[in-house]
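Peer 1: Listed here are the chains, written in short residue letters.
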Amino acid sequence: MNKKWYACEMHCHTVHSDGDFTVPSLIETALARHLDGIQITDHNAVSAHAEVTDPPIAVLKSIEWTTFFGHMHAMDCKKDIDWRDAVPDNIDEKMRAVHEGGGLVGVCHPFQLGTPICTGGRWQYNVKDWALVNYMEIWSEGCPFMNTPNRRTLDLWHSLLDKGYRITPTFGRDWHRSTRDVYHSACTYLLCDGEITDMKMKQAVKEGRTVISMGPLFYFTIGEKTVGDEVSAGEQEIEFTLNFERMKEMGVSEKVTPKTIKLVSNGGKTLKEIDPTCLHTKITLKESSWFNAELWGSIDGKEDCLIALTAAAYVN
Amino acid sequence: MLLLEEKFTVYPKNEKTNMSFPFEVAEEAKALKFTFSYSPKVLTDNERAKRLIEENIKNDAGEYADEYPSWQEFLPLKNLITLSVDDPFTYRGCAHRQAEHMEHIISESFASPGFNKGKVQSGQWKAVLNLHGIVTEKVDCHLKIEAGDFLE
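From first to last, the protein sequence lines are chains A and B. Mapping to the working numbering: the first sequence position 35 is 35, numbers consecutive. Heads up, the working numbering is the position in the second sequence plus 1000, with the first residue counted as 1.
Keep in mind that the hints were calculated from the coordinates and are not lab data. The structure presented is a predicted model; accordingly, all values stated were derived computationally and were not measured. No false leads were slipped in.
Straight-line distance between alpha carbons at most 20 Å, and here's what the computed EDC-like set of lysine to aspartate or glutamate pairs gives: (1) B/K1117 x A/D18; (2) A/K302 x B/E1067; (3) B/K1016 x A/D85; (4) B/K1119 x A/D80; (5) B/K1016 x A/D82; (6) B/K1117 x A/E51; (7) B/K1013 x A/D85; (8) B/K1041 x A/D18; (9) A/K79 x B/D1086; (10) B/K1117 x A/D80; (11) A/K79 x B/D1087; (12) B/K1126 x A/D82; (13) B/K1078 x A/D18; (14) B/K1119 x A/E51; (15) A/K78 x B/D1086; (16) B/K1126 x A/D80.
Could you put the whole structure together from the sequences, leaning on the hints where they help?
Peer 2: In structure tokens form, the structure reads like this:
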């Protein structure tokens, strides 16, 4: 099967909660942004799902549990689970119920300010088993380098990877309306087998095949292996792909200039820095570690910005 | 037909709790109408707002608190109470948005945004108020639930 990366928006609201988008206008705006798939995640409501009929892009039907102690996506969960009695010490039980309903669990913007500024926005749950968390919004809303909560989330993600949890990173625009919306090309790229569908989006998140990016598609391969895979320890040759096609098609105005590729591993430590004009390198991978690739450079003249980040690969 | 009407006051100590209002639907009704309002919406006491915002940033940002803008940037603080509904068998949805006056209808052929349309079965229903944020000293609430034919 032909694997392909698709541009997606993983966090969208409609008039069924506090968004301004109707379901058709959300889909229309997503198409104009050259998105191949979206995930509808209204606050505590699933009534938008019934309005999705034969959409021109893939639409994953989910919900954002907007609780008093944190916001959490239940992706494509078939079971009705009460979000209202979620308290800091029963979240594992709630997450298990989401899995029992066939859903995936995503932690949203864990370091956003919470009540009263953004009610429940700060993650205050005592997760006992992080293996219950499938994905985490590493970026929320904007460019991470301009944003303290996103930087803290990146650190949390690294620390969980260090402990052996395979959590998939996502970007969520937390899309409520298109006004005052910046960096139109930012998205989560998902790797799907063949044509994208809602279920293939879910599968990509489950398998850890994501790249979050301010625009360009950026990923690595080691032979047949790629983001989300297990690779062998020892010396490996890594190839990188950097592709601006979608940004060009969109005609976005921001100027994104890659300066460095960093291979990052346990402890968030940089293993190696590579010039992005040279898209391959050799690296020695340590047993039982993880690594991912980050693309750094300038955005609109602002230096030292994180442009893109891949999910991890795992060294066995 | 009026099924329930309650006027009551909630306080900051009730924040992050739910208030459940069970009501009986005696026979299959055409539609239910939920009317809910609360007041005030906005905290106008800036001294209180400053204290709440600074506490919020201190608690949630910790050692990163200095990286946040001043408290004025987060004004105005607002109360947020949402209304969710359960029929005798399942969750029927929620209106999670900022409006302080709301009217929602649930019927077989139509439901207000946030709610699932479907039969209005007889049995015990529940309106559950979700007190996400209570920033003023008190909030006066008025909840009314009616059964009838509200659709044109």
